[in-house]
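Student: Now for the letters of each chain:
There are 2 protein chains.
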Amino acid sequence: MEPGPRSRPAEPGPCVSASPSAGAALPASGAEPGSRPAAVAAVLPAGGCGERMGVRTPKQFCRVLGRPLISYTLQALERVCWIKDIVVAVTRENMEEMRNIIQRYGHKRVSLAEAGATRHRSIFNGLKALAEDQPDGKLTKPEVVIIHDAVRPFVDEDILLRVVIAANEHGAAGAIRPLVSTVISPSADGCLDHSLDRAQHRASEMPQAFLFDVIYDAYQQCSDYDLEFGTECLQLALKYCHTKAKLLEGSPDLWKVTYKQDLYAAESMIKEKISQEICVVVNTKDEESVGYLLKEALRNELNCINITSTPLDLPGRDTQNFLMAQCYSFIHVNVVSSDSHETQRFLSIIEESSLPLLYPVVVVLVCFLDFTLVPLTQKMESLVWIRDLAKEVKKSNVLLSGLLINHSQDEQKLQESLQQGASIIGSLVKERSSALAGQLLVA
Amino acid sequence: MEPGPRSRPAEPGPCVSASPSAGAALPASGAEPGSRPAAVAAVLPAGGCGERMGVRTPKQFCRVLGRPLISYTLQALERVCWIKDIVVAVTRENMEEMRNIIQRYGHKRVSLAEAGATRHRSIFNGLKALAEDQPDGKLTKPEVVIIHDAVRPFVDEDILLRVVIAANEHGAAGAIRPLVSTVISPSADGCLDHSLDRAQHRASEMPQAFLFDVIYDAYQQCSDYDLEFGTECLQLALKYCHTKAKLLEGSPDLWKVTYKQDLYAAESMIKEKISQEICVVVNTKDEESVGYLLKEALRNELNCINITSTPLDLPGRDTQNFLMAQCYSFIHVNVVSSDSHETQRFLSIIEESSLPLLYPVVVVLVCFLDFTLVPLTQKMESLVWIRDLAKEVKKSNVLLSGLLINHSQDEQKLQESLQQGASIIGSLVKERSSALAGQLLVA
Chain Y
1 MEPGPRSRPA EPGPCVSASP SAGAALPASG AEPGSRPAAV AAVLPAGGCG ERMGVRTPKQ
61 FCRVLGRPLI SYTLQALERV CWIKDIVVAV TRENMEEMRN IIQRYGHKRV SLAEAGATRH
121 RSIFNGLKAL AEDQPDGKLT KPEVVIIHDA VRPFVDEDIL LRVVIAANEH GAAGAIRPLV
181 STVISPSADG CLDHSLDRAQ HRASEMPQAF LFDVIYDAYQ QCSDYDLEFG TECLQLALKY
241 CHTKAKLLEG SPDLWKVTYK QDLYAAESMI KEKISQEICV VVNTKDEESV GYLLKEALRN
301 ELNCINITST PLDLPGRDTQ NFLMAQCYSF IHVNVVSSDS HETQRFLSII EESSLPLLYP
361 VVVVLVCFLD FTLVPLTQKM ESLVWIRDLA KEVKKSNVLL SGLLINHSQD EQKLQESLQQ
421 GASIIGSLVK ERSSALAGQL LVA
Chain A
1 MEPGPRSRPA EPGPCVSASP SAGAALPASG AEPGSRPAAV AAVLPAGGCG ERMGVRTPKQ
61 FCRVLGRPLI SYTLQALERV CWIKDIVVAV TRENMEEMRN IIQRYGHKRV SLAEAGATRH
121 RSIFNGLKAL AEDQPDGKLT KPEVVIIHDA VRPFVDEDIL LRVVIAANEH GAAGAIRPLV
181 STVISPSADG CLDHSLDRAQ HRASEMPQAF LFDVIYDAYQ QCSDYDLEFG TECLQLALKY
241 CHTKAKLLEG SPDLWKVTYK QDLYAAESMI KEKISQEICV VVNTKDEESV GYLLKEALRN
301 ELNCINITST PLDLPGRDTQ NFLMAQCYSF IHVNVVSSDS HETQRFLSII EESSLPLLYP
361 VVVVLVCFLD FTLVPLTQKM ESLVWIRDLA KEVKKSNVLL SGLLINHSQD EQKLQESLQQ
421 GASIIGSLVK ERSSALAGQL LVA
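In order, the protein sequences belong to chains Y and A.
Using the UniProt record's numbering, you'd call the opening residue of the first sequence number 1 and step up by one each time.
Using the UniProt record's numbering, you'd call the opening residue of the second sequence number 1 and step up by one each time.
Heads up, a few of these hints could be off.
Stated by the list, open to error - Okay, derived cross-link-like pairs now, DSS-like style, lysine-lysine, Cα gap no bigger than 27 Å in a straight line: (1) A:391 to Y:413; (2) A:295 to A:430; (3) A:273 to Y:256.
None of these hints come from the bench; they were simulated from the model.
For reference, chain Y alone in the conformation it holds in the complex:
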């Protein structure tokens, strides 16, 4: 067992459940009824080699938007404040890479254990790390332990809370899903022996949770055969500790990234998630109407997206707010000047925040001008600095583009331009293509 590194440059999102209500929802442990919430830790087996993915890189280390998949899963667990420790079991070869991931993305409460040759052995090693008294006393034995997969990044607090509460009551609990395909049993000659009634069976998914003593006891008694060939922790609790796990229906989001298509799906899901929030930044000298019109056009173009606006008045409370709100898409509306200073100042705030460490941050600098009054190319010439600035900030994972919108006096033309501008912004926000950073687009 190795503790994670201490220097942590980034914060992987705020803890979403710091409020006492979430803590209160956690039942007290059996030993001291009603007195305090159960202490909870999590174990993540991450020793797999990703052979099913058809790529060399183990799937938990495959990059999604530039960041290893396992970092997303850790982020999801870290956002749940009442999970005190997270033990990740990785192979000796991947130990160094895992340490780098923890440091680079600022993961907290994460310790490392060495993975075994099989999934069950890795989990067992993770549990040992929580059970043993550590020399540095960093980890304490939890009452309830969550077991989750490194390759299920979309787990949310609701299902985690539900399995923990059920485990506290039943000794063991796990998420299940309806079967997508019928399950069959082949005979020795590769023919159908029988098929199973789909209604009578479920897919066992993750997360699962256990009273620590139950699952640790089960692993300690576990036969070599089970450690080698077993696949189901709930089964071990049943077989060795006679603990019948409570089964809880989970959401489709619990799916496991297994094949190449799952990696594509994960990337799209993450892109969609971080594009739900767009912040329109207007400078205080703005005429207001144009920024407002663009906001409306964006609202129409991009359904169910939360669009906020904030004046750029630094250092102000509002600016801090959108950084805290974990927004990764900024539309900086600049109507008065082609000056780069304000934009540079704004980009510095983004670069200095932890935002671009976690996701590529899209910044679109929008300029309005009447194309009939000012030649488009003249305006473009005055904005060529965007190209160089974009090249600079791209190194920090910030994707800057420029967008010129025709501020026509003709109402219909203006609406068309706004609509096209909103489509372009929508595409930049959704795709987050780094190749298109630095371009000056026109609507």
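Dock chain A against the given chain Y, drawing on the hints supplied.
Tutor: Below, chain A alone, put in the same frame as chain Y:
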């Protein structure tokens, strides 16, 4: 049973297996050994309501790159020449929509049957359509029938051939996959009763194939209970006809589009597939070297992508070749003029082909110029016609953009520009964002 419409404007890709060798690989039917290949038809139950997707639209009608998912599945089956008829079972409400899809995307050999209330009833109706003598005599009873899902668009000829050959030999055959999750059986109180040994079980996937008489006989004997609650055709063949299906390991591509994330994955897979082929079109007066350099840069930027080049010499054989090759990404290199006529001529060929009916076609007009000799904005001004032309061809699903690449005399700068140009092209080809059509990009 209703035959499909007769007017078919588009060809959904060439038949990939017209060669006699594919036919020869098909074993002769049992009745007349060695005399001729078995007649094969396919039934696609498409009566599902897509409740698992969390959207109103049934998943088979959900759009992927603008085209309904079922059209991709039909396309995959149509590319296999030895499948004589494809019967799609759709609900009465979706009959009209399905007819429109067949007409719009030019599907061939497709007939419609009315879906039943359950999957088994829909399949039964599809089989009836093949069994009965039709008044117009359009469909003939096949010897072997393939049953496939409308929502598994990535089926390929290899697995279809394998299930058909195995069905011919064993009476029934189906594709299987290893289980991704452990399967468990819950007790009545929602707790774990037992878990199944993952090594002893498989997921039953599609396609499946049957001797027509076997599966039709099974459905005719089938109890109401089985028609209502059954999920497995192989099981019906076993139960009612004592036919033990041969099980064949399929590829991960057989996966079923079930949830929202699967739709994302399907879109990414399709985008990747159609981006594997890029055609660089050079005009004959080209200096050759620049087009060649860009081709090399593209080859380095986009791994494992097949890049061909063709001179634009119309009407020529080469131009026809790339249309036949089902290429959906064209890089039109134009070094000599800013004239729109050549581009318009080229776009007309694309528009008149069936290419943009099936997928959005990306066309990037690339102009090289030395930015130190000609002011960039001057060149841009001479290319503003791209904007209007792009708006026009976008209506036909052709996405035109312009790309200016710095043809610097400095070798290193030229390489940088080529590399950036290749990245931009890569992004345009992979993302196929219609919002960015008409933009003039700079590398």
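Student: Hint by hint, which ones does the structure fall short of?
Tutor: Every hint satisfied by this model.
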